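Engineer: If you want the building blocks of each chain, they are given just below.
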Amino acid sequence: MLRDITIGQHFPGNSVLHRCDPRLKLVGTIAYIIVLFVASNPLGIALSLALLALLYTVAKIPYRLILKSLKPIVPIIVFTAVLNLFFITGEGEPLVRLWIFSIYEEGVSYAVLMAVRVVALIAGTSLLTYTTSPIVLTDAIESLLRPLQKLHFPVHELAMMMTIALRFIPTLIEETEKIMNAQKARGAKLDNGKFSERIRALIPILIPLFISAFRRADELAMAMECRCYHGGEGRTRLKVLHFGKLDVQCALALTVLLGIILSTTLLF
Amino acid sequence: MEPMLKAQDVHFRYDPERPDYAVDGVSLEVKRGEFVAVLGGNGSGKSTLAKHFNAILLPETGTVLVEGIDTRTEEKLYDIRQKAGMVFQNPDNQIVATIVEEDVAFALENLGVPSEQIRTRVDEAMQMTGIYEFREKAPYKLSGGQKQRVAIAGVIAMRPDCLILDEATAMLDPRGRAAVMQTIHSLRAAGITIVSITHYMEEAAQADRVLVMSRGRIVMEGTPEEVFSQTERVKRYRLDVPQAAELRDELAAAGLPMPANVITPEACAKALYDLLR
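Which chain is which? The protein sequence lines are A and B, in order.
2 is the number of the first residue of the first sequence in our numbering; add one for each residue after it.
1188 is the number of the first residue of the second sequence in our numbering; add one for each residue after it.
Hints were generated in silico from the structure; no laboratory data involved.
These numbers come from a predicted model, not from an experiment.
Where hints are given, some of them may not hold.
Label-pair distances were calculated between CB atoms; the ranges are [what the hints assert, rightly or not]:
| no. | chain 1 | residue 1 | chain 2 | residue 2 | range |
| --- | --- | --- | --- | --- | --- |
| 1 | B | E1419 | A | A218 | 41 to 47 Å |
| 2 | B | K1457 | A | H157 | 56 to 62 Å |
| 3 | B | K1422 | A | R238 | 50 to 56 Å |
| 4 | A | L66 | B | K1324 | 20 to 26 Å |
| 5 | B | E1204 | A | F12 | 54 to 60 Å |
| 6 | B | P1301 | A | G232 | 16 to 22 Å |
| 7 | B | P1446 | A | D219 | 46 to 52 Å |
| 8 | B | K1422 | A | L173 | 36 to 42 Å |
| 9 | B | E1323 | A | G235 | 24 to 30 Å |
| 10 | B | H1372 | A | L203 | 46 to 52 Å |
Backbone N, C-alpha and C define an ideal beta-carbon position, used for all residues, glycine too.
Chain A on its own, in the form it takes in the complex (with noise of 0.2 Å):
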C-alpha cells in the first residue's frame, strides 16, 4: 500500500527536454503557468495545451501519464468546475434554471476553461519532474536561490535537507510497514473500526516511528561528520550544473512559443 507513494516521479530517458539544463526547466516551467494565467482566452489556452503536447511528445513521456498525475486532483477540478458553473452569472439569458440556480453561458465556458487550464497547470509541472531526477532538480533549486544567500537565506541547508528528505523517504516508508506488521502482530487493528478508533491505532505506529527517526538523524549527522560536512562553505561538486548551447537553442525556442500564446491576449 505505502509502496505506491510516489513523489516526483521520474522517467529516466535521453530526449533534448531530459538533457536540458534543470533551471532552465525549472524556470520554463513557471513561466508557462504564469502565461496559462495570463492568456486565459479560449486561443492562448488551446495553444498552451498544443505547446503541452509538443514537449510531451519530445520528451516521449507517454500522454497516459498525464491521465495518472490527474487522478488525484480530479475532485478539485470537479469541483470547481461546478463552483464556476453556478455562481458566474452573466448577462443573457440563464441556460438552464435549476431551483435557486441558473447556469449561464459565462459559467460554462468559464468552468470549462478553468478545468482546462488547471489539467494544462499539472500536466506541465508533472512534465518538469517526469524528465529531471529529484536530486538534479534540487541541485537546480540550489543554484537558482545562490543569490539569496547575500541576505543570509540559508540556500545550502534548505538543498541539503531536500535531499536527505529524498534519500529517507523509501527508507522510512519500509520502516513503517515493518512497525504496522509489528503491530498487526500483536493484535493491533488497523484496517477496520471506525474512524477514530483507526486515527488512535495510528499512536502506536507514529511514535516508533518519531523515536527511530531520531535515532537515524543522530546516527547521520555522525556518519556525516566524520566525512569532514561542515556545511555549504567552500564545498564544491561532482555535477556541476553547466548551461551549454543546447539550452541556449531550448530557452529561445521556448521564449518564443510562450510569446506567441502571450500575444494571443492582444486579440480578445
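Given chain A's structure and the hints, the job is docking chain B onto it.
Structural biologist: Relative to the frame of chain A, chain B by itself:
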C-alpha cells in the same frame, strides 16, 4: 616510524557526574598496514574507543594520536578525519545522497576537491569496493552488503590511511558480510590500516592482532592464535571462540593431540588431516 594510531592512557565517560568510565585507561598502538580486531561484549567500551580515533569523541584524560597528530588539535580536525575514516553499523544511516556515486562523492565535496578530481577519485573508490556497476542506482534498491560497501567507498574516496569499522558487518546477512570482508581484505592489501570492531570471531581470526575489551579496559591482546587458544579466558569475557577453536578444544579434551594454534577452518582441516593420516 610513527604509529598509525596511538592511544595513551585514555579515559572517557559519557556522564562526567558519574564515576563509571566507558573507556577506562586504554593504551594501544596500531602500526601502519596492520589489521587489528577489537572484540568485547556489549558495553565493553569498544565502540566508544573507536570513536576516539577520528575525533568524534575526545578523551577526558590521556591522548589519542593519529599519525602523531593529537585529536584535540581543532585546526587539524579534517586532516584527522581524512586520515582515519570511519564506517558504522547501519548502512542506511550513513548514506546521504539519493544516487550511489553522489554519495561516494560527498566527503570530497565537503573537502572542496575540484570536480574533475572528484570524478576520478569516486570512480577509483567505487572500483576498489566493487560497486562501480551500481554507480547510478538509488541506494535503497541495493542489498545490505552493497549498501555497506557504498558507505565504505564514501570513506575510501577520502584516501584514508586507516579505516575504522564499527561493527560494520553486524547488520548484514552472511553473503553481504562475506562481500564486505573481501572488500576489507583487498583494501588492506592496498596498504590501508584496518581497525575492526566486531562481534564475529571468524572475522577476528583473520586479523593480525586481536584485542579483547571488557569494562573499558584491554584485557587480552595478541595474535588470533594466541588469544583464541585460551578458550576458557575468552569465554569468561562473555565472548565465543571461532568454531574451529571450539572443535579443537573438544578434540583436545577427548585426548586427541591438537595443536593450540588452530583457529581457522583451513588450519583445523589440515590438523585433522594430519591426525587421521
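Engineer: Does each hint hold? Answer for all of them.
Structural biologist: Cross-check of the supplied hints:
no.	hint	in the structure
1	E1419/B with A218/A: 41 to 47 Å	holds, 43 Å
2	K1457/B with H157/A: 56 to 62 Å	holds, 58 Å
3	K1422/B with R238/A: 50 to 56 Å	holds, 52 Å
4	L66/A with K1324/B: 20 to 26 Å	holds, 23 Å
5	E1204/B with F12/A: 54 to 60 Å	holds, 57 Å
6	P1301/B with G232/A: 16 to 22 Å	holds, 19 Å
7	P1446/B with D219/A: 46 to 52 Å	holds, 47 Å
8	K1422/B with L173/A: 36 to 42 Å	holds, 41 Å
9	E1323/B with G235/A: 24 to 30 Å	holds, 27 Å
10	H1372/B with L203/A: 46 to 52 Å	holds, 47 Å
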